[in-house]
Amino acid sequence: MRVGFYVTGSATGGHREMLDQVELADRRGFDSVWLRERHFHRDHGGRNFFSAPMTVAAWIAARTSRVRIGLGARILPLDHPLHVAEDAATVDLLSGGRLDLGIARIGENELYEGAFGRRREEARGRFTEALELIELAWKGEPFSFTGEHFTVPRLAALPRPAQRPGPPIHLVGISEQTLDLGASRGLPLLLAGAQPESEVRLTVAGYRERLAAAGHDPEGIATPLNRFVYVAETTERAHEEIRAAATDFLDRPASVIRDYLGARASELSEEFLLSEVFICGGAEYCAERIEGLRERVGVDHVLATFNYFTLPHERCRESMERFAAEVLPRLRATAHGEGAARGTLTAGETVATGS
Amino acid sequence: MRIGTFVMGTRGGDYEAMLEQTVRCEELGFDTVVLAERHFRHAPLLYPSPLVVGAAIAARTEHVRIGTAGRILSLDHPIHIAESAATLDVLSDGRLDFGVTRASLDEEAHVAFSSPKEDSNGRFTEALEIISRAWGDRPFSFEGEHFTVPEVSVFPKPVQRPHPPLYVVAVSPERLAFASQNGINAYIGAIRTPAELAETADTYRQGLADAGHDPAAHTLSVNRFIYVADSDARARADLEAPFMELMHERAPDLKGALVAKYGSVDELTFDRMLSDFCICGGPETVASRLTEVLEATDTGYLLATLNFVTLGHELCTTSTELFASEVMPALAPSPARV
Chain E
1 MRVGFYVTGS ATGGHREMLD QVELADRRGF DSVWLRERHF HRDHGGRNFF
51 SAPMTVAAWI AARTSRVRIG LGARILPLDH PLHVAEDAAT VDLLSGGRLD
101 LGIARIGENE LYEGAFGRRR EEARGRFTEA LELIELAWKG EPFSFTGEHF
151 TVPRLAALPR PAQRPGPPIH LVGISEQTLD LGASRGLPLL LAGAQPESEV
201 RLTVAGYRER LAAAGHDPEG IATPLNRFVY VAETTERAHE EIRAAATDFL
251 DRPASVIRDY LGARASELSE EFLLSEVFIC GGAEYCAERI EGLRERVGVD
301 HVLATFNYFT LPHERCRESM ERFAAEVLPR LRATAHGEGA ARGTLTAGET
351 VATGS
Chain G
356 MRIGTFVMGT RGGDYEAMLE QTVRCEELGF DTVVLAERHF RHAPLLYPSP
406 LVVGAAIAAR TEHVRIGTAG RILSLDHPIH IAESAATLDV LSDGRLDFGV
456 TRASLDEEAH VAFSSPKEDS NGRFTEALEI ISRAWGDRPF SFEGEHFTVP
506 EVSVFPKPVQ RPHPPLYVVA VSPERLAFAS QNGINAYIGA IRTPAELAET
556 ADTYRQGLAD AGHDPAAHTL SVNRFIYVAD SDARARADLE APFMELMHER
606 APDLKGALVA KYGSVDELTF DRMLSDFCIC GGPETVASRL TEVLEATDTG
656 YLLATLNFVT LGHELCTTST ELFASEVMPA LAPSPARV
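Protein chains in written order, with the working numbering: chain E, 1 to 355; chain G, 356 to 693.
Worth flagging that the hints you see were computed from the coordinates, not collected in a lab.
Remember, it's a predicted structure, so these values are computed and weren't measured experimentally.
Be a bit skeptical, because a hint or two may be false.
Derived coverage of chain E by chain G (criterion: at least 3 residues anywhere in the stretch with Cβ under 8 Å from a Cβ of chain G; other residues may be distant) [as the list claims (entries may be wrong)]:
#1 177-188
#2 306-318
Derived DSBU-like pairs: lysine-lysine, alpha-carbon spacing no greater than 35 Å straight-line [as the list claims (entries may be wrong)]:
#3 G/Lys472 to G/Lys616
#4 G/Lys610 to G/Lys472
#5 G/Lys472 to E/Lys139
#6 E/Lys139 to G/Lys610
Ranges between beta-carbon positions, derived for each pair [claimed, not checked]:
#7 G/Thr548 to E/Thr151: 52 to 60 Å
#8 G/Asp653 to E/Thr151: 42 to 50 Å
#9 G/Gly667 to E/Glu23: 29 to 37 Å
#10 G/Ser527 to E/Gly147: 31 to 39 Å
#11 G/Gly491 to E/Asp217: 47 to 55 Å
#12 G/Pro520 to E/Pro168: 50 to 58 Å
Just so you know, even glycine gets a beta-carbon here, dropped at the ideal spot from N, CA and C.
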């Protein structure tokens, strides 16, 4: 199981606390850290720190040595694709080839298009052309492009990224057209933290079918799944500590979870959240839930969101530390020792807890 | 005396070498590291994304200020620029000197980004207005000829309040006038002779005063190409071929500007450049020629271009070290002006 850290903000921590966690993720064996793109957020005391994720990614590149750095995701239609290609190449070079570029067609709401002078109805066309342009730009050789939205005279977009042919591109989105576009190009699909497991299973199965139909081997194409993770001493304790955050989640009228559930939105309850959306419990429980994702939903790459905007920073931090100390080793044990026996896992647990 | 270094790349130096160099410049006592923005064929080591590179520099350094000279305001959306610059200011704990420029020197970037150069004046002015409002405390909206922004609050806010120090790259008389009328600090140019620099400085300060701004409260930064070696002869031998290669092969814009200045390509001899604007020599020569420039302009902020993309990384590094150890101490410690 591959495990990444999805960076968000907590109720009380600022950017410094978030960046400390990124460095911790690098030291403690996470495979990747992921940043999102969000604009105009009044939340969190104006500490919104995600409006320029490439700039933050460059900071991370210079401070870390091991973790891959993911953008989950840049909203392509808001910017000129050559700017995106240049920024990404720059971060890739600064990180020695550690960038993963997630791309999305739309952001949180239509204010984004309004503010950046774009039109939502052009988003799909711009998105598709932008993807093509970015891939062309990264070749480092002269090209020209004539599309409906972008026209580029013959030029070479430099510098070239460190990775060849470029940083891996990951797709975010679940619309039919987006999934078809991703499948036709064999792109990894990033799955959202708010999507319930039962829905994730359907999305993954459907995407694999599309990939196969497009002539790609689904086994070789990842579908990293974002999950809200919370680890405490015991599962009971974890549930207790997460309750307020869960209630807040449920009370939000325009919750993204409701969007994912559609007609099933009435099923929403704390119990539903705990079994379908959050992975919340003691270390052993969390490790099993994550390990079980492989079978339950067909995913072997998890991006853990430890910070909840409604939880104090210290709690988030403790949960992340506990995850690194007690959950990660269990997931590594199964990843490296095939068919690792439960006894081995228990031994690992003792060592990890004692350290 | 404040001294900045212009972080252009070196021959054979990669991004990591550039980062290490900025760390070293901080140790050597430079006050600022400054990045330009150039695209496409100019980009291999001239940073198409200076604010992104600035964040990596912020991560490795502690107190050196990080400048742009400048972020081109007409090539992308000002809200992106406001967000990215504020993010860099936050990440660096308030070390950003935000320098802006109207347009790219080459047409190519304007065509590629579908932002015609003839619109760049209007876009520049509107963009600067949008950026400063985006950094303010209140939500804002904007209705202009080039940009329309519905009511939004842009985050994060810069750490420096009300905003990071602003600079305008004043290559043209129009931009210099814009800087003085609006009371903005200015960078003035690499290819002006000391006499021309003195005149430019006077124009700028007079413009500030005429517009009701206090000249003493505004910074004029003078940019020079500098190369230091053990002796004058050695410095010349090291730099001549790389400098001519830079002009002829790597920097068509620089060449274009020089042809415009001197009338013909035949006039572009290395001797002409040495006598007019390129300061190349042993430490004593460099110090005395710099003193002449600083006195002529009465400025306390030197921006030193010590890297040349056509000159080997080792030589650039040695020159930078010599500059810091032998030249910096010889420059006047307390400026009459900032």
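Results for each hint:
1. 177-188: Violated - the region 177-188 of chain E has 0 residues with a Cβ nearer than 8 Å to chain G, which falls short of three.
2. 306-318: violated (count 0)
3. G/Lys472 to G/Lys616: This hinted pair holds, its Cα atoms lying about 21 Å apart.
4. G/Lys610 to G/Lys472: Distance ~20 Å between G/Lys610 and G/Lys472 Cα, so the pair holds.
5. G/Lys472 to E/Lys139: 27 Å, holds
6. E/Lys139 to G/Lys610: 28 Å, holds
7. G/Thr548 to E/Thr151: 52 to 60 Å: 41 Å, violated
8. G/Asp653 to E/Thr151: 42 to 50 Å: Because 48 Å falls inside the window, the suggested range holds.
9. G/Gly667 to E/Glu23: 29 to 37 Å: 35 Å Cβ-Cβ, so the 29 to 37 Å window holds.
10. G/Ser527 to E/Gly147: 31 to 39 Å: Check passed, 34 Å falls within 31 to 39 Å.
11. G/Gly491 to E/Asp217: 47 to 55 Å: 53 Å, holds
12. G/Pro520 to E/Pro168: 50 to 58 Å: With a Cβ separation near 39 Å, G/Pro520 and E/Pro168 fall outside 50 to 58 Å, so the hint is violated.
Comparing the model with each earlier hint shows violations of hints 1, 2, 7 and 12; every other hint is respected.
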